[in-house]
Structures are given as C-alpha cells and as structure tokens.
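We have chain B; now place chains A and Z onto it with these hints.
Protein chains in written order, with the working numbering: chain B, 19 to 271; chain A, 70 to 337; chain Z, 196 to 456.
Don't take every hint at face value.
[Said to hold, decoys possible] What follows is a set of in silico ranges between Cβ atoms, one per label pair, in the way DEER data are often shown:
1) Arg162(B) with Arg181(A): 48 to 54 Å
2) Leu93(B) with Arg86(A): 36 to 42 Å
3) Ala52(B) with Ile274(Z): 17 to 23 Å
4) Leu417(Z) with Thr139(B): 44 to 50 Å
5) Arg201(A) with Lys266(Z): 43 to 49 Å
6) Asp112(B) with Thr239(A): 44 to 50 Å
7) Arg86(A) with Ala206(Z): 53 to 59 Å
8) Thr191(A) with Phe302(Z): 54 to 60 Å
9) Ile274(Z) with Val115(B): 30 to 36 Å
10) Leu262(Z) with Arg86(A): 53 to 59 Å
11) Val263(B) with Asp200(A): 37 to 43 Å
By construction, these hints were calculated from the structure, which means they are not laboratory data. The beta carbon of each residue, even a glycine, is placed where N, CA and C say it ideally should be.
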Amino acid sequence: MSLGARGRALALPLAFVATWQLATGILMPSLASALPPPSKVLAEAWGVLASGDLLASAGHSLWRVLGGVVVAVSLGIPVGVGIGLSALFEDIVDPAVEFLRPIPPIAWIPLGILWFGIGDTQNMFIIFLGAFFPVVLNTVSGVRAVDRSLVWAALTLGGSRGQIIKEIVLPGALPLILTGCRIGLGVGWMALVAAELVAARSGLGFMIQSARYALATQRVILGMAVIGVLGLLMDRGMLWLERHVVPWVTSAR
Amino acid sequence: MPRLVIADVTKVYTLPRNGTALPALGPVNFTVDEGEFVTLLGPSGCGKSSLLRIVAGLEAASSGVATFDGEPIQGPSSRRGMVFQEYALPPWKTVQDNVELGLKFRGVSKARRREIAARYITLVGLVGFEDRYPHELSGGMRQRCALARTLANDAELLLMDEPFGAVDATTREIIQGELLRIWGEHLSPRERKTVLFVTHSIDEAIYLSDRVVVMSRRPGVIKEVYADPLPRPRTDEVRSSPEFLKARDHLWSLVRDEALRAMTERVD
Amino acid sequence: MRPRSAGLRRARRLVAALVLLAVWQACSVVVLPRVAPYLVILLPPPLAVASAFLDLARTGDIVVHVLASLKRVVGAFLIAAVSGVGLGVVIGWWRTFGDLVDPLVEFFRPIPPLAWIPLAILWFGIGDTQNMFIIFLGAFFPIVVNSIAAVGGVDRTLVWGALTLGGSRWQILREIVLPGALPTVLTGLRIGLGVGWMALVAAELVAASSGLGFLIEDSRNLLFTERVLVGMILIGLLGLVMDRGMRLLQAWLVPWAVSWR
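Bound conformation, chain B alone:
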C-alpha cells in the first residue's frame, strides 16, 4: 500500500483513540469509570501482563479452543466426506444434523453445565458444537464441488474408490474444507467467550466477567481487545494456511 493510502487508512482509528483519550482522560474525567481512557487500559495491560494473569487467561482460552476445534475437525471431516459421497450415509445422518444444527452453540450452555458442570469439558463441548457444523457443511460443499471430470478421468485410468477419494476427492475438497475449519475456528472462539462468560473459573471470558463485577472497566476493555486481536490472528493464520496449502486455487480474496 502506498504511503498516502496507508496514512488514510490509519487516520480515523488514530483520531478515534486520540478523541477517546482526550474525552475521558482530560476533558471529562468523571466519565472515566464508564469509559477509562486508553492510557489507563494500557497501564492495566502492563500490570496484567507483568503478573502473568493475562498470559494465563489467554493461554487457558486458547487451550480450550484448540481442544474443541481439534475434536470438531477430526469428527467433522469424515462425517462431511461421508455425506458428500454416500447418499445412504447422508440419509441416516441428515435428520440428526438438521435437527441439531439450528440450535446455536450458546443455547447449549445450560445443558452443557448440567451435563459437565463448570470447567474445561463443558467449555470444550460448546466450542466443539460451534465448530462442528461449519466444518461438516463446508466439507460437504467441498466434496460436491470437486470437478466431475476429474473423477471420471481417474475412473478411466482404473482408479479404485478408495484411491479416487484419496487422490482426487480429498485434495479437490481441501480448499473448502480449510475454509470450513477457519469458519469453525471463528465460531468456536465466539462460543468460547460466551461459555467462559457464564461458566468458567479461568480464561478470557471469565476475566472480563469478573472484571465487570469488580467494576474494573479498564480490564474489561483490555480483555475485549485481547479477545478481538487473538481472534483476528487466528483467522489470519488460517487464511495464510489456506493460501499456502492450496496454492492452486485462484482465490479472489
């Protein structure tokens, strides 16, 4: 990006932060309890980093997301491939999927608490539910999107069913499978925040909820920013992965 364009891109965000600092930091300090100025948030960041709290909370949240998403992907891809390739499998599994899918993972939280109590298992369960369906759906789309003529070509070359799945279908579906993983990760991260808000004793969601009870607004804002940044980094990381693992896709991004 050219210098001028970069300048224009940063203009409003910087102006926003500056106005924010000016408003509650200098002009109207009485509002600082509702909206602490950026300086206070940064000071809080420093303190929380130094005490190791921030790393512990973030680490715990990331650990849960990792667990939930890994299970979702390990189950979701085979299920998706099965649905995409076998009409029988699809007919068996479809009612359950279509019944459970509309229920947002967040709505599972009370039931999850009843089943697993408050803790890692419950959180990972919610994340799993969040990530599972995007992975399945995108895998199905990916399998269905594989160019028919590639499969036919493989058949005329004498390929067996298993070989075709391994050599043609899976690589062909890979772009959309990765997209599904990325979306699943995003939904899982959102579900995690909600789950930790309600039922956890550690993690970023718990941190901002307890900060609220303590009326430590600067910590709430800090937590929100960290959640946002981590979510963004994970998304960008997945995009980078997509671009490097499947370079043959002419992506229109």
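Chains A and Z only, in chain B's frame:
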C-alpha cells in the same frame, strides 16, 4: 471530413502489485469517415479492445489524442454508443426496459420512450419478446437487444467490442448479415451510422467491413489498413467467392506471424 | 454411486429420524436410570419435553418469552439493517470516504459481540437496552461487510454500458448499482439476522429477566431440564424460520440472482 481521428494514441497499464509498466497499445494512427464500417483486427491482447474503450471514453489514453467530430474525447457520451461482448444487459430489466434505458437516462417521456423502443425492437427482430428477461433469451437475442438499446439512444458512432464472440458459430453468420441490414448497408454513407468494430475473426472482418485495420501483437501497432474489395450488399454466397478467399489469404499472412509469436510469449 | 429415487431417500430419512427419537427415548427411560436414577435429570425423554412445552403454552409463559426475544431481535436488527446497509453502500461507492471509514469499521469488527456483554452491562445495566445493543453489534458487521462487497461486486460492464448510454453518476447508482448490489445486500441481512439471533440468546443468558435465553438459564438453575430442552428447540426453530423467511424474501425480490447456499 473524417468523423473519428486517432492520433498517436498509446495505452500503458501499470500493474498494481509492483508498479511495472505494461505497454498495451500504440502508437496508433488512423481515421474513420462518416458512414464507414471499419474493423480492428488482431490477435488477443493486442490492445484493440483498449483502443475501443478509449474511443468510448471509458479509459484514458496514456498519450496521443482521439477526436470525434473535431472534439477531443474526454469521457463517455451517448453519442458514442458501445455494444459489449458480454451484452452488459442488467438482468433485472426486461427487453423493453433495457432498450429504453438510454432514453430514460436522457429524460425522454414514458410514452415517447415506448414508441422509439418499439421501433428498434422491431428493427432487430425481437417483437414478442419485450417482456422477457435476458436470462430467458439466447445469446444471439441478447446481443440484438443490446444493439437495439444502443441504436435507440441514437448514437452517432457505434463501437462494437467482439459482439458476437459469445454467440455460437452458426448463429454468428446469420447475425452478421442481420447487423449489416440493421446498420443500413443499402443506404448511402451519409444516412447510416459510423461503426468501429473489433474482432479477431478474419472472416468476420472481411464480411462486414469497408476497411480493415490490421494490428500487430501487444503492444498493438497498425500493420496495414486494408481496403475491403467486396461489393455491397454482401450476400451469403460472397463468403465462398474467389475475392473473399483472396482477401482472407492476404489478411491471414499478415496476422499469422503475429498470432504465432503471441502464442509462444509468456503470459505476464 | 447409483442415484436413488427421491421417495426412497425420503423414506430412509424418516426412518432415521424415528430411530433417533427411539434412541433418545431409550437413553432417557432405560439406559440412564440403570446407571444412576438421578441421571434422568440430564436427558428427559421426548414426551416429557413435549408436555413441558404444553405446560408453558397453557400458562402463556412461552408466549411471553418468545415475544420478548422477538421484540429485541427485530428492533435491534432493523436499526442494524438501516445503518449497516447505508454505511456499507456509501463505503463501497465513495472511494475516499471508504478509505477513511472502512479501517475504523475493521478496527471494531474482530471483537465478538458477546465480548461486549460485560461492558454493555456496565453501561446499560440489565435489560432491553443492553440486549439490543449486543444484537445490534452482532448484526451490524456482517451487514456492512456484505453491503460493501455488494457494491464492489456489481459487474463493471453493466456500469460501462450505462455510461455509454449517457447515464449520470446518480442515474447509474440508482438504475445499475443498487439493483445489482441487492442480492448480496440481502445475503448480508440474512447472515446478520442469524448472528443477531445468536447474540440475543447469549445476552439473555447472561443478563435478562425474560426471553428464551433467560428461560433456558433459569430452568437450568431450577433443574427443569425439560424446559431447557423446550427452550433450546424453540431457539433453533425460530432461528430456522427467520433464515428461511429471509431466503424466501431474497428469492422473491431478486429472482434473477443465482442462489447458492
């Protein structure tokens, strides 16, 4: 007095990724007289479509000047109407609405619009299809609708960018004949529109034009301006006449080298 | 992979659904009690769920909760729709405005709407305003992003065609860009409604005294698992109905657009 003058026009594109300059066209010099049908013929990528867009005012020339009726071209105008290879018909408008679109832009009253559009819909042979949507029409019909739209707007210069490229081969020959009829082949040059046509098909160029401007591969410059010897009106039989074959031999020898070299060049 | 008839497939799905219900019933009534009697709390049988629903319907409670949730969602969504489409179209259409404002939007977008809940409670307390603020945040960003893409995605040759017909900037905006952008704008609205609905549930879970989200959390506290399930199913059902409704709206308004899931 030529209506369209192209003087030393060049076009250079800069790649957004790394800023390198990509010369696409020129310098090009030629003129088009009133009522003439001139075709730009050349291999893919030679810049002929860029040149057409410059004349339409949709792109600016990097250097040189294009003038129409003595005035330099600085932007698009309804006086220089364009027909696109992809039809450019908004899919949510019926044939009737599409043909009326230019008139609507110019504030013509609804009743008058209807009247004018009806005339051109009849001219291009789409009577009965006024309420159809583009996706309900064949490629040839869509192109006729696009043509009616430009004609209804009373453009003085007709710019046609490979309009039959997306039409199947059999329909293409028929619609070429239709185009000559609609254009008014039988009229005198003063009574018919001036046309600048772009194609990479030699047969199409010979069949339609008064003159053919043969272009080299990218960056396109003029190799020759060929005067089409075939008499008008052009019938179907003329396609297999000895004059046609001689013209095709001549143009093919001009184009072949360029096409071969363009084929083996790297796509950057 | 031989094609099967549609009738056979429908029959297989029906059987699968019935088997699912039977397995559920079996788990609740047979398997769980055998492990430990109190475990029935974890998964009440389908009939218990159905009768809990009827109970809530009879007292009118369910209507109160559904209406409370719907009222919040519709209100916040409408605000998000108007502001989101407006902002998105302007960002997509005016380059200089877009270059300035879009980064600010992208600055806030990565923060999940649910992460705003504690701050929103600090600002607005517990109640409708807080709930609607969260829903608005949830719906706003997908709507803006899709509206920007919608304007940018309008076929360039359509704009060129209109230019060579002598159209002015405003005429092209009205006749070509807005209708051309409509399909993607509607998709953005549909996605925004979905996210908003989800945000509503979360906001009500944490901080409300009515609504479906409140219902399932409150029922959990009272160990009324049947009601939790009723709530969950209703949340899913209403979300589904809203999504289908938006798809129908899309099909009706923009029949020329190729629809893909």
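Going down the list of hints, with the structure as the test:
no., hint, in the structure
1, Arg162(B) with Arg181(A): 48 to 54 Å, "51 Å, holds"
2, Leu93(B) with Arg86(A): 36 to 42 Å, "41 Å, holds"
3, Ala52(B) with Ile274(Z): 17 to 23 Å, "22 Å, holds"
4, Leu417(Z) with Thr139(B): 44 to 50 Å, "23 Å, violated"
5, Arg201(A) with Lys266(Z): 43 to 49 Å, "44 Å, holds"
6, Asp112(B) with Thr239(A): 44 to 50 Å, "46 Å, holds"
7, Arg86(A) with Ala206(Z): 53 to 59 Å, "56 Å, holds"
8, Thr191(A) with Phe302(Z): 54 to 60 Å, "58 Å, holds"
9, Ile274(Z) with Val115(B): 30 to 36 Å, "34 Å, holds"
10, Leu262(Z) with Arg86(A): 53 to 59 Å, "55 Å, holds"
11, Val263(B) with Asp200(A): 37 to 43 Å, "50 Å, violated"
The structure is inconsistent with the numbered hints 4, 11, although it conforms to all the rest.
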